[in-house]
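S.K.: Following the hints, complete the assembly by docking chain S onto the known chain B.
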Amino acid sequence: MSDKVTNIVLVGVGGQGILLAAEILSETFMLAGFDVKKSEIHGMSQRGGSVVSHVRYGKEVFSPMVPEGDGDILFGFELMESYRHLSLLKPGGTVVVNDLCIAPPSVLIGQEQYPADMALKIQDLFPDCLLVDGQNLAIQAGNARAANTVLLGAVSKRLDIEEKYWVEAIEKMVPKKALEVNLKAFQMGRGLK
Amino acid sequence: MKEILSGNEAIARGAYEAGVKVACAYPGTPSTEILENTVRYKEIDSSWATNEKVALEVGIGASFVGARSLVTMKHVGVNVAADPLFTLSYTGVNGGLVLVCADDPELHSSQDEQDSRNYAKFVKIPMLEPSDSQECLDFTRLAYEISEKYDTPVMLRTTTRISHSKSVVTFGERIGAVKEPKLERNPAKFVMLPGNARGRHYVVEDRTLQLSKDGVSLPINRVEMRGTKMGVITAGISYQHVREALPEASVLKLGMVHPLPFDLIREFASKVDKLYVVEELDPFIEDQVKAIGIPVIGKEIIPICGELTPGRVRKAFGLPENASSTVEKLPGRPPNMCPGCPHRGVFYTLKQLNAYVSGDIGCYTLGFMPPLSAMDTCVCMGASIGMATGAAKVLPPEERKKVVAVIGDSTFLHTGINGLMDMVYNKGAATVIILDNRITAMTGRQENPGSGHTLMNDPTNEVNFELLCKAIGVKNVRTINPLDLDECRTAIAEEMERPETSVIITDKPCVLIKREGVFKPGAPLQVVDDACAGCRACLKIGCPAIEWIPSSGKKGKAHIDPLLCNGCDVCSQLCKFSAIKEAK
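If you read the protein sequences in the order shown, they are chains B and S. If you use numbering that gives the first Met the number 0, the first sequence corresponds to residues 0 to 192, in order. If you use numbering that gives the first Met the number 0, the second sequence corresponds to residues 0 to 583, in order.
No wet-lab data here; the hints were simulated from the structure. Watch out, some of these pointers could steer you wrong.
[Said to hold, decoys possible] Now the in silico label distances, taken between C-beta atoms and shown as ranges:
hint : chain 1 : residue 1 : chain 2 : residue 2 : range
1    : S       : K474      : B       : K175      : 30 to 38 angstroms
2    : B       : V166      : S       : D457      : 32 to 40 angstroms
3    : B       : K163      : S       : G305      : 48 to 56 angstroms
4    : B       : G32       : S       : R197      : 55 to 63 angstroms
5    : S       : V378      : B       : G32       : 47 to 55 angstroms
6    : B       : K163      : S       : D483      : 54 to 62 angstroms
All values reported here derive from a predicted model rather than from experimental measurement. For every residue, glycine included, the Cβ atom is placed at its ideal position computed from N, Cα and C.
Next up, chain B with everything else stripped away, as it sits in the complex:
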């Protein structure tokens, strides 16, 4: 096992299932035999605010926070929030992002506009960017709320961890009644090129 620590930053909007996705990531890495640390801020952010979670794994992890400019993968659930946090990513880093816009309060009330061309701007800065139609794929899998698992599947393909650990983690963390849909959603995401 190399000494290198892999850094993943998850970003999105409160209520999108970001924290569960971060839990599944952490669980997977632990099952695969790594040291893992995960950090997040919740509390007020649950109510539609911006949510950021950091997950780091490797032989030995110290800080639970990804150092600025040291992120390997930005795992985004919403376009503007992904763009906002690009400074956490290292040059040449990978982006896996949900093709979805959620308007913040100032946009909802018509004071500001949702910035245009977020996906293009992300791809401009980070050519290794996969845009995922998470919502539609989740509906195909059987539940619109499984978009986070579709995205997780897409991220899993970019990490060198055996598939069985992912499945084991999902089986442990996802409620029984939603398990089938989530496993299907995960495979759909994993199948994306």
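M.R.: Chain S in isolation, oriented as in the chain B frame:
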């Protein structure tokens, strides 16, 4: 067994393993999940107290009759609990007592950034500070041993990045031989009238000296020698950032941050060429190291405000920063009240009536945000009513009418009720609105004495707010439906006119309430395009389900997201064109 646990989950596990019998708390981010996890262990009686002072008093009572007890709170909660805490330092304990205090550097969800290490020094009790989840578990167990060995309460301090970070933890067993609680009378130790307390003060001072000496050989205070050029004294989460940013530095990692092991610090200082202290918030370690005559570099380079990160530590030591992308300025994304939140209409009405709103701490603090922009003050839990009394005392009569205090159900029971008694007793003239949404919502929907359920999920007595207010002397008490804007406006306007104390209670539940059948969503609403005149009246309540579509129609039109709307109907009451109807 290995699991990934948050710091809070690990503390709960540690308390279980240490044989704790009673756990009591008032919820507060980032400490809340500790009790939400002790409740998983049937051996521990876990409960929410009405406030932190009461929580500590419950813990003290259990300790005095011999049981190990756990009390948890956030940093500002310690201010509420400070009164019994100072004297508990004098009495000491019988069964071990650990007070977990969760600080919030960077104020992720707090009203100030206080450094609770100062409390440990002020109160003169030991404080342990873990730096990951495994240490959260281990230090909790150790804290009980120290508590009983040195006859003292022990504070365990965490910070947000410890409480809410997860790392891998190995479990231990619950210890077998914890002594059984029984009544043992010892008034000389447990009755702190001046004659007894004078003697106990000497005990406290000796204890601190002894702990400082013993701390030298305590394994949680350890030296990690790597080279002699640079030595760093650090603790808690800062230790992890130091290891990340300065891998070559020698480190004195302190697990006990009060009292400090001065001999160990002297020895470490003598081994390195240059000595630094890396700590968040106050120069707590730094000042004490300087006071024993050891030169050290600390707050000259380490920021005093906000939390540290690996990047901030690198910057402080002049190391090159990582290259990173810069992005254009974006609209912010602040938190917002939920669609259907029963507080929204009340704040809209208060704004319309030009009320001076004396605010409190809870979801409804978000009434401050635009477009509602209807909160003028907010200081601490339970303060809104007292502040309203003070403002009304000094304002001229026309202005006095505008003073309205708002407070939630849990906050009212926390310390607001004292303010209301004071207002009535001292003939205060202000309107108080108790926003009773049947739950402690902001911290994640915990039960409280107004909701009728315990933390262990047993049905229990439910406080009747109307009768309670009448019993303490409020003559004008009325209950309203906060989702009916006409009713809100009439009630609040009438009570604002009244030259004496009045209380308005709102009676609709939180939309996120977990217990089934309490919140019943209505059918989603929709905007009838042809009828929408683009007047934007519905946008004034700032509901996340309503979006302005500038490109629709001549002036733009509103759109309601059917997935977010739960039919509270407040927006349709604002629409003069009857354009908002139940979706078909």
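S.K.: Within 48 to 56 angstroms: is that where the Cβ-Cβ distance between K163 (chain B) and G305 (chain S) falls?
M.R.: Given a distance of about 42 angstroms, which is not inside 48 to 56 angstroms, the answer is violated.
S.K.: Could you tell me whether the CB distance from K163 (chain B) to D483 (chain S) stays inside 54 to 62 angstroms?
M.R.: holds (56 angstroms)
S.K.: So the hint says 47 to 55 angstroms: do the beta-carbon atoms of V378 (chain S) and G32 (chain B) match that?
M.R.: holds (50 angstroms)
S.K.: So the hint says 32 to 40 angstroms: do the beta-carbon atoms of V166 (chain B) and D457 (chain S) match that?
M.R.: Once the Cβ atoms are compared, 38 angstroms apart, the range 32 to 40 angstroms for D457 (chain S) and V166 (chain B) holds.
S.K.: Quick one: are K474 (chain S) and K175 (chain B) within 30 to 38 angstroms, going by C-beta?
M.R.: violated (55 angstroms)
S.K.: Using the C-beta atoms of G32 (chain B) and R197 (chain S), is the stated range 55 to 63 angstroms upheld?
M.R.: holds (59 angstroms)
Hints 1 and 3 from the earlier list are contradicted by this structure; the remaining hints agree with it.
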